[in-house]
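K.L.:
Chain S is fixed; fit chain L onto it per the hints.
Protein chains: 2
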Amino acid sequence: MRKVSVIGAHEIKWGVLKEKPLLDMVSEAANKAITDAGIDRYAIQAIFLGNAFGEILTGQATLGSATANILGIPHVPSIRFECACSSGAIALREAFLNIAHGVYDYVLVVGVEKMNTKETPQILSAIATSFDFYDQKAGIVAPAVFALYASAHMKHFGTTKEQLAMVAEKNYYNGSLNPNAHYQKQVSLEEILNAPMIAEPLGRHDCSLVTDGAAALVLGPAETAKNYNSQPINILASAIAGDYYRVANRDSYVSFASTRIAARQAYEMAGVQPQDITCAETHDCFTITEIINIEDLGFFPKGEGGRAVQDGETRLAGRIPVNASGGLKAKGHAIGATGVGQVVEAVTQLRGKAGERQIKNVELFLTHMLGGSPSISVIHIFARGY
Amino acid sequence: MRKVSVIGAHEIKWGVLKEKPLLDMVSEAANKAITDAGIDRYAIQAIFLGNAFGEILTGQATLGSATANILGIPHVPSIRFECACSSGAIALREAFLNIAHGVYDYVLVVGVEKMNTKETPQILSAIATSFDFYDQKAGIVAPAVFALYASAHMKHFGTTKEQLAMVAEKNYYNGSLNPNAHYQKQVSLEEILNAPMIAEPLGRHDCSLVTDGAAALVLGPAETAKNYNSQPINILASAIAGDYYRVANRDSYVSFASTRIAARQAYEMAGVQPQDITCAETHDCFTITEIINIEDLGFFPKGEGGRAVQDGETRLAGRIPVNASGGLKAKGHAIGATGVGQVVEAVTQLRGKAGERQIKNVELFLTHMLGGSPSISVIHIFARGY
Numbered sequence: 001m002r003k004v005s006v007i008g009a010h011e012i013k014w015g016v017l018k019e020k021p022l023l024d025m026v027s028e029a030a031n032k033a034i035t036d037a038g039i040d041r042y043a044i045q046a047i048f049l050g051n052a053f054g055e056i057l058t059g060q061a062t063l064g065s066a067t068a069n070i071l072g073i074p075h076v077p078s079i080r081f082e083c084a085c086s087s088g089a090i091a092l093r094e095a096f097l098n099i100a101h102g103v104y105d106y107v108l109v110v111g112v113e114k115m116n117t118k119e120t121p122q123i124l125s126a127i128a129t130s131f132d133f134y135d136q137k138a139g140i141v142a143p144a145v146f147a148l149y150a151s152a153h154m155k156h157f158g159t160t161k162e163q164l165a166m167v168a169e170k171n172y173y174n175g176s177l178n179p180n181a182h183y184q185k186q187v188s189l190e191e192i193l194n195a196p197m198i199a200e201p202l203g204r205h206d207c208s209l210v211t212d213g214a215a216a217l218v219l220g221p222a223e224t225a226k227n228y229n230s231q232p233i234n235i236l237a238s239a240i241a242g243d244y245y246r247v248a249n250r251d252s253y254v255s256f257a258s259t260r261i262a263a264r265q266a267y268e269m270a271g272v273q274p275q276d277i278t279c280a281e282t283h284d285c286f287t288i289t290e291i292i293n294i295e296d297l298g299f300f301p302k303g304e305g306g307r308a309v310q311d312g313e314t315r316l317a318g319r320i321p322v323n324a325s326g327g328l329k330a331k332g333h334a335i336g337a338t339g340v341g342q343v344v345e346a347v348t349q350l351r352g353k354a355g356e357r358q359i360k361n362v363e364l365f366l367t368h369m370l371g372g373s374p375s376i377s378v379i380h381i382f383a384r385g386y
Numbered sequence: 001m002r003k004v005s006v007i008g009a010h011e012i013k014w015g016v017l018k019e020k021p022l023l024d025m026v027s028e029a030a031n032k033a034i035t036d037a038g039i040d041r042y043a044i045q046a047i048f049l050g051n052a053f054g055e056i057l058t059g060q061a062t063l064g065s066a067t068a069n070i071l072g073i074p075h076v077p078s079i080r081f082e083c084a085c086s087s088g089a090i091a092l093r094e095a096f097l098n099i100a101h102g103v104y105d106y107v108l109v110v111g112v113e114k115m116n117t118k119e120t121p122q123i124l125s126a127i128a129t130s131f132d133f134y135d136q137k138a139g140i141v142a143p144a145v146f147a148l149y150a151s152a153h154m155k156h157f158g159t160t161k162e163q164l165a166m167v168a169e170k171n172y173y174n175g176s177l178n179p180n181a182h183y184q185k186q187v188s189l190e191e192i193l194n195a196p197m198i199a200e201p202l203g204r205h206d207c208s209l210v211t212d213g214a215a216a217l218v219l220g221p222a223e224t225a226k227n228y229n230s231q232p233i234n235i236l237a238s239a240i241a242g243d244y245y246r247v248a249n250r251d252s253y254v255s256f257a258s259t260r261i262a263a264r265q266a267y268e269m270a271g272v273q274p275q276d277i278t279c280a281e282t283h284d285c286f287t288i289t290e291i292i293n294i295e296d297l298g299f300f301p302k303g304e305g306g307r308a309v310q311d312g313e314t315r316l317a318g319r320i321p322v323n324a325s326g327g328l329k330a331k332g333h334a335i336g337a338t339g340v341g342q343v344v345e346a347v348t349q350l351r352g353k354a355g356e357r358q359i360k361n362v363e364l365f366l367t368h369m370l371g372g373s374p375s376i377s378v379i380h381i382f383a384r385g386y
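As given, the protein sequences belong to chains S and L, one line each in that order. Residue numbers for the first sequence follow my numbering, so the first one is 1 and each next one is one higher. Residue numbers for the second sequence follow my numbering, so the first one is 1 and each next one is one higher.
One chain only, chain S, in its complex shape (with noise of 0.2 Å):
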């Protein structure tokens, strides 16, 4: 098994695209991640593309093909996978295993949603259909099923509606960082709180943005990586795990069994414990997400997560910052794009070239997606391979 490194990364600029058709917003941050790479684009011998919705919102499935087309490298493999919020994140394991077991050299990994196309009630049937079938039919969606984890979670552990507001609070200030974000402005603690009840606990701002968005990575073996980007980034670890997807067959509703394992698995293969982790993209798609996740990773004991934020350790200065990017709540939640987006930060942290939302002396950067009812995650450990 070789090293694999990614060579190129580029994403466009997230938010509410109305005006870009699907395919400009691939084309766009597919070919300015093959200059990043510096390659040649017929070096390229697979595309492998991550979208959740494309048949429903925009009425394009089969996106790998319509990929290689607008790229003018029609023959290679193209495959398109969809497993909710974790499909551009397999997009990316399955090319890195292609890779590191020598199939193929250079893959383009390709992460897409076109998320506002039609009304808010069109869009939610949508979302809904990543959930089970027999779920779909009792009315679950996604805010009730992590109310209900918040719900249990501020019961066992104490946490409370301002530990959740203070991850929405931390990500909004991070996105306003971010230029490619689709959120750029900070919101108020007192705003966040006082927003529109959704589910209870969680209010409007403890919800995830309804994003357009593309991100691209040119992934190559690490032993010629160097020929290509003077700064490619290793992968160190992927791992991937499942839960059950009925949400009422876990025995558990404040820990997310999918995150433990594949993170065990992620560490074991990096050789690493989760305190060597220097900072983290972690799925937020509601405050408390981020809370379980945090804790599930390894990052703070179980329970500590609401406690972690409060005293500001995944803050930008903190111990171990995490979202940098403004996350799902600011920069967006482009579901099959978000864990391509992740790794794109992961690159452009480790390359420091992150600008005002730089963080210090980063090492091992781990970007995590849970996608599903959540019933799937997948984990990636990232460093610098220059």
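Don't take each hint at face value.
For identical chains, the list gives no copy identity; a pair is met inside one copy or between any two copies.
Pairs of lysine to aspartate or glutamate, DMTMM-like flavour, derived with a Cα cap of 20 Å [stated by the list, open to error]:
1. 161 to 304
2. 20 to 135
3. 137 to 24
4. 137 to 19
5. 32 to 268
Worth flagging that the hints you see were computed from the coordinates, not collected in a lab. This one's a predicted model, so the numbers in the text were calculated from it and none came from an experiment.
P.N.:
Positioned in the frame of chain S, the structure of chain L alone reads:
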């Protein structure tokens, strides 16, 4: 790279399965494939699933997670692949690669599609999402694209409507011998030729069926395969290639570039020649597709596919039987399931258990799917591993 075997295979009876929920279809195919493999389900380390239209036609995306849940193995990684008609074949390919390179030992591959959930115009709209967005706007639909190929092939090589009809007649005959086929009746050449026109020169009987179906395979290392099933089937080659997604970008309408490129790779990987192949399942979404494919796969010289069909060379007792299962025409086309179903046929034939449609002296079995506009070909070659 280690050798990989199919150690378990099963498909449900295909057809219009209005009363059978999507996940019941998956459950039956997967559980019986596991039983056929003689493996403990907890030994399965990943689920790779092909499905094209789950979210549009059944309201259920993220089918990897759904499958893991219903099989009682919720924590295994599960991935859903969407590449139009090639979805299932690509799930197989990636599973093969992951085992060949030691990422996993045992992987469950599932293909499933429930098509007959809505009225015909809605089903056709779902299928249309597999075509390029701008082609869709121009009114391009599957019968129109393949009518273009049929007209060009007739003009260049003198292929006749009778030869097209003979493909349908053969596949209906084969399907009449297959208890799992959607359509199990013979249809006379006269009836085929007199059917209502769909897109000149393709009549109703030149088109494949709109089918609900599911199929599953258990894959594992060849080295230990016989510990599970006394008749494992080895995978000698796996290949994939693309073509221009936009129909107008292509320079030829008498050949599928993706088929030619993938075939060359597959033969090289297996170390065989086209003439070594004993029999094949190939993508016959329309009768012309089978004629062009059997040329591009190298079974017959370019332009002689129609003549070969007319001479009976692709019939069950012919030189190279094609679509012994009945193909997409009679076994049916359950889009994301078809590529996996082809492999169930390969396994059944190689094991000598195909009953009335058993081909004599089967040694090398090739399966080929052509997905998208058509823009992506996936080819596998199989042989007995016992």
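K.L.:
For which of the previously enumerated hints does the structure constitute a violation, in increasing order of number?
P.N.:
5
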